[in-house]
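*Asks:* Given next are the chains, with one letter for each unit.
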Amino acid sequence: MDEFMLLMKGDDSQSASPAEMQKRMGDYMTWIKGMVEKDKFVAGQPLVPAGKHLKDRETVLTDGPFLEPKEIIGGYMIIKAQDLDEATAIAKTCPLLQHCEIFVRPVMNVPAG
Amino acid sequence: MCPQDKDLHNIDHLIDHLFRNEYGKVVSFLTLSFGFHFLETAEDIAQDTLAEAYKNWGYNGIPPNPHGWIFKVAKNKALNYVRRENIKQSVFEKLDKEEEQVQGEIFLNREIEDSMLRMIFACCHPIIPGESQIALILTTLGGFSRKEVAYALLSDEEAIKKRLYRAKKEIRQSNIVLAVPTGDELSERLKTVCISLYLLFNEGYNASHSDELIRKDFCLEAVRLTRLLAQHFPGETRVSALLSLMLFHAARLKSRIDDKGAIVLFRNQDRSLWNQDLIKAAYFYLSESSRGSTLTSYHLEASIAAQHCYAPTHEKTNWPFIFDLYSRLYEIKPSPVIKLNLAIVSSKIKDAKYGIEQLEALIKSEKKLKNYYLLYATLGQLYVENEERDLAISNFERAKSLTASEKEKEFLQNRIDALS
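Residue numbers (full-length UniProt numbering), protein chains in the order written: chain A, 1 to 113; chain B, 1 to 420.
Hints in this document: simulated from the structure, not taken from any laboratory.
Nothing here was measured: the structure is a model prediction, and the numbers come from that model.
Beta carbons: idealized from backbone N, C-alpha and C, even for Gly.
No incorrect hints appear here.
Have a look at the derived ranges for each label pair, beta carbon to beta carbon:
no., chain 1, residue 1, chain 2, residue 2, range
1, A, Lys33, B, Glu40, 34 to 42 Å
2, A, Val42, B, Ile62, 18 to 26 Å
3, B, Glu85, A, Asp56, 35 to 43 Å
4, B, Lys161, A, Ala89, 40 to 48 Å
5, A, Leu7, B, Gln173, 47 to 55 Å
6, B, Lys216, A, Asn109, 45 to 53 Å
7, A, Pro106, B, Glu406, 45 to 53 Å
8, A, Ala43, B, Glu406, 42 to 50 Å
9, B, Lys147, A, Ala43, 29 to 37 Å
10, B, Lys147, A, Val42, 34 to 42 Å
As a list, the in silico SDA-like pairs of lysine to any residue whose alpha-carbon atoms are at most 25 Å apart:
no., chain 1, residue 1, chain 2, residue 2
11, B, Lys72, A, Asp12
12, A, Lys92, B, Gly61
13, A, Lys23, B, Pro64
Only some residues are given here: those of chain B computed to face chain A with a beta carbon under 7 Å:
no., residue
14, Arg20
15, Tyr23
16, Asn56
Working from the sequences, and respecting the hints, build out all of it.
*Replies:* Given below as structure tokens:
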């Protein structure tokens, strides 16, 4: 079983109504619960919509809440899957996909020792 | 039957809607701390806070005390705003002091409830037009978005936005004090508040809208706010009567729509679906409401609803008693719709033929009922019972052309199809 990182791009929760947010959260929690039960979920964190973008040591490209909501990486998650196909299939079932895009990236397996 | 704490707890569970409720609490609390000019900022902060909660909880799970979490984040955001905007020191200190008191949860809850009460009275101030009052309650206290309010009130977002803008301007210009009235003024102001909450409940209860979910939310929001009032003013029997009336109707919400989302006629409703917890709570508030000497239309409407909820079957309903209650209701609130109800009930006591005569007479005498679809739908039903098929069909057709609701149209068409 390999690990995959899901990067969530885009975040429109700022404009969602409280009722909508509650519904979304309910859907998402149900999904996560299923993932944990199937032992597919490893970790995940939301990201604050602010930060810096370093080009090199001299150039700090942007500052503060820097991008359009659609461009923001809103959070990440690490899941377990057999291969990229399965990881993609799992990402397709994520309810967040209705409101953001998801990048699926395999975490590189570094041989121990 | 005596009031059981358990019964009342069950309704808490039913009317709880975490995100929307917290929105209303945060807005009320911050607006009270800073004054009415802060209302829009308070709304922004509440929205921001909930967005943060949504994101954070999604990854980390719901914290053990979500309410405390939300208030802490909202307060920090408010403090940051105050620092950034250099709002005068006294307000800042006040909020900072309250920050320390967050530890005392009970104190905070009381403060929040108090600020919500003040908001209800401000939103229902007589200088604000009725329709704006409802929109204002729904957005500031109920946490409904303008889009949701527009959708549910069959209006457009722009119109709701204007309505809210004007209402808020009115509140600012007239210097409405955010306070709970006392003494004689309290009873007087409670009248307006009750009318608004009654209308809000009806908005959700009536079939003008096809989206079942949002309608249910409106009803429950009305229940929640009325309950808050009832808890704070136990002596005001008008409020307990209103709450009782809402709870009796809310108990039947589920049985009104079948599995396929179609309307179920009252007489065909599955009575086992009626929510007994809500009926018990309704009964409790009905008995509370009989403590005083005041008799309001809410008392009578609640009593009528109670009769329906306690009847074992549609046939075994105590129609003569209901007729009597409607007659008294008509004395307090002489409306043609109550006349219509009197005619319907009299047809249950006598027969369909008698009902038909009554209704046909109403069409001639009451101009306001002439285009009321329910009159023709009822008449159609009575003609069915009297085995006059053609007249039944033509009345159902008439009713269908008069209702705006798709669900009602569908329901009436089914009745017509069944007869053809």
